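Visitor: Fit chain B to the known structure of chain A by using the hints.
Going down the list, the protein sequences come from chains A and B.
Each residue of the first sequence is one higher than the last, beginning at 1123 in the working numbering.
Each residue of the second sequence is one higher than the last, beginning at 1123 in the working numbering.
Rather than coming from a laboratory, the hints here were simulated on the basis of the structure.
Heads up, some of the hints might be wrong.
Since the list can't tell identical chains apart, any single copy or any two copies may satisfy a pair.
To be verified - Below, a list of computed lysine to any residue pairs in the SDA-like style, where the Cα atoms sit at most 25 Å apart: (1) 1161 with 1224; (2) 1161 with 1252; (3) 1161 with 1229; (4) 1161 with 1263; (5) 1161 with 1230; (6) 1161 with 1222; (7) 1161 with 1223; (8) 1161 with 1247; (9) 1161 with 1268; (10) 1161 with 1175; (11) 1161 with 1213.
Note that the coordinates shown come from a computational prediction; the quantities given were computed from them, not determined experimentally.
Protein chains: 2
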Amino acid sequence: MTGLFVRASGPAERDRRRQAKAKPGCNVVIRNIDRVPEKPVEMDGARGVRMAMMVGRADGAPNFALRHFRVEPGGHSPRHSHDYEHEVYIVAGSGEVLLEGAYRRIGQGDVIYVPANSEHQFRAGDEGMRFLCLVPVTRNCGEPTPGS
Amino acid sequence: MTGLFVRASGPAERDRRRQAKAKPGCNVVIRNIDRVPEKPVEMDGARGVRMAMMVGRADGAPNFALRHFRVEPGGHSPRHSHDYEHEVYIVAGSGEVLLEGAYRRIGQGDVIYVPANSEHQFRAGDEGMRFLCLVPVTRNCGEPTPGS
Chain A
1123 MTGLFVRASG PAERDRRRQA KAKPGCNVVI RNIDRVPEKP VEMDGARGVR MAMMVGRADG
1183 APNFALRHFR VEPGGHSPRH SHDYEHEVYI VAGSGEVLLE GAYRRIGQGD VIYVPANSEH
1243 QFRAGDEGMR FLCLVPVTRN CGEPTPGS
Chain B
1123 MTGLFVRASG PAERDRRRQA KAKPGCNVVI RNIDRVPEKP VEMDGARGVR MAMMVGRADG
1183 APNFALRHFR VEPGGHSPRH SHDYEHEVYI VAGSGEVLLE GAYRRIGQGD VIYVPANSEH
1243 QFRAGDEGMR FLCLVPVTRN CGEPTPGS
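One chain only, chain A, in its complex shape (with noise of 0.2 Å):
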């Protein structure tokens, strides 16, 4: 049996295998925060932020991506707002949210509801932050949602 009759097999292969067949929307995911690689954010007035999509439209969900954001001590995410809602949960470190006009506390364990057109921004502490930050995939008026 020579190199050219081996198939490629074990569970990354599977894997692709399986993606191959699977229709959008029906693919099954599982993928840990700490090993999905991720990108510096490179918005306009975020500093020290970097994203990995975990769950989003290229998987096929219909209706809302969950992604991971860590930030860097002292860096913050824009302040800005858009016509739709974020829902947040911090997995690590500590820092602070602006909501209506304040920068309030926020710490592990913390789930945020930001409505749509709030103005917000998340400031990490000398330790840094880990978020969840999920968004829906369409905006309002039915647009794909930046960062879905």
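Guide: Below, chain B alone, put in the same frame as chain A:
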């Protein structure tokens, strides 16, 4: 100055007044998963599961609801399927999830996407398991999703 003239004040009262004035969907929420009372899940097939609604339709969330589940050691959610998806994050502990007919090990930091109409069940291991489980607030045909 007598008690009659003492107005309720402090953070709880301010929160109450803010909520009373706010419009549905416009309420900022910050809640910790350790401080929201949990209720037993009394569905057929569930054992040792408690749930707390963290953000849902009652808060005006327009698209998806975030719930916190605590499963005692050896406990499990119902083995079932339904016409809407789950996005899940394992907060602590470990266990197994039934997906595509097989039980797979899951633990802290795992994100799981359960597509609509996929049979699934969450089982806690010896240390129990805590997870966030998100659902859309309406099903595909526009009805309210149970537990949103």
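Visitor: Work down the list of hints and note, for each, if the structure agrees.
Guide: Here is what the structure says about each hint:
When the C-alpha separation of residue 1161 and residue 1224 is checked against a cutoff of 25 Å, the pair qualifies neither within a copy, at 29 Å, nor between copies, at 32 Å. In this assembly of identical chains, the alpha carbons of residue 1161 and residue 1252 lie at most 25 Å apart only when taken from the same copy (14 Å versus 28 Å across copies). Taking the shortest alpha-carbon separations for residue 1161 and residue 1229, both the intra-copy value of 23 Å and the inter-copy value of 24 Å come in at or below 25 Å. Proximity of residue 1161 and residue 1263 under a CA criterion of 25 Å is satisfied in neither setting, with 28 Å inside one chain copy and 36 Å between copies.
Taking the shortest alpha-carbon separations for residue 1161 and residue 1230, both the intra-copy value of 23 Å and the inter-copy value of 22 Å come in at or below 25 Å. Taking the shortest Cα distances, residue 1161 and residue 1222 never come within 25 Å of each other, neither inside one copy (29 Å) nor across copies (31 Å). For the identical chains of this complex, residue 1161 and residue 1223 are neighbours neither inside a copy (29 Å) nor across copies (34 Å), given an alpha-carbon limit of 25 Å. With identical chains, the CA atoms of residue 1161 and residue 1247 are at most 25 Å apart within one copy only, with a shortest distance of 21 Å there and 33 Å across copies.
Taking CA atoms no more than 25 Å apart as the test, residue 1161 paired with residue 1268 passes inside one copy only; the shortest distance there is 15 Å, against 36 Å between copies. For a Cα distance limit of 25 Å, the shortest separation of residue 1161 from residue 1175 inside one copy, 9 Å, qualifies, whereas the shortest one across copies, 31 Å, does not. In the homo-oligomer, the alpha carbons of residue 1161 and residue 1213 lie at most 25 Å apart both inside one protomer (18 Å) and across protomers (23 Å), since each shortest distance falls under that limit.
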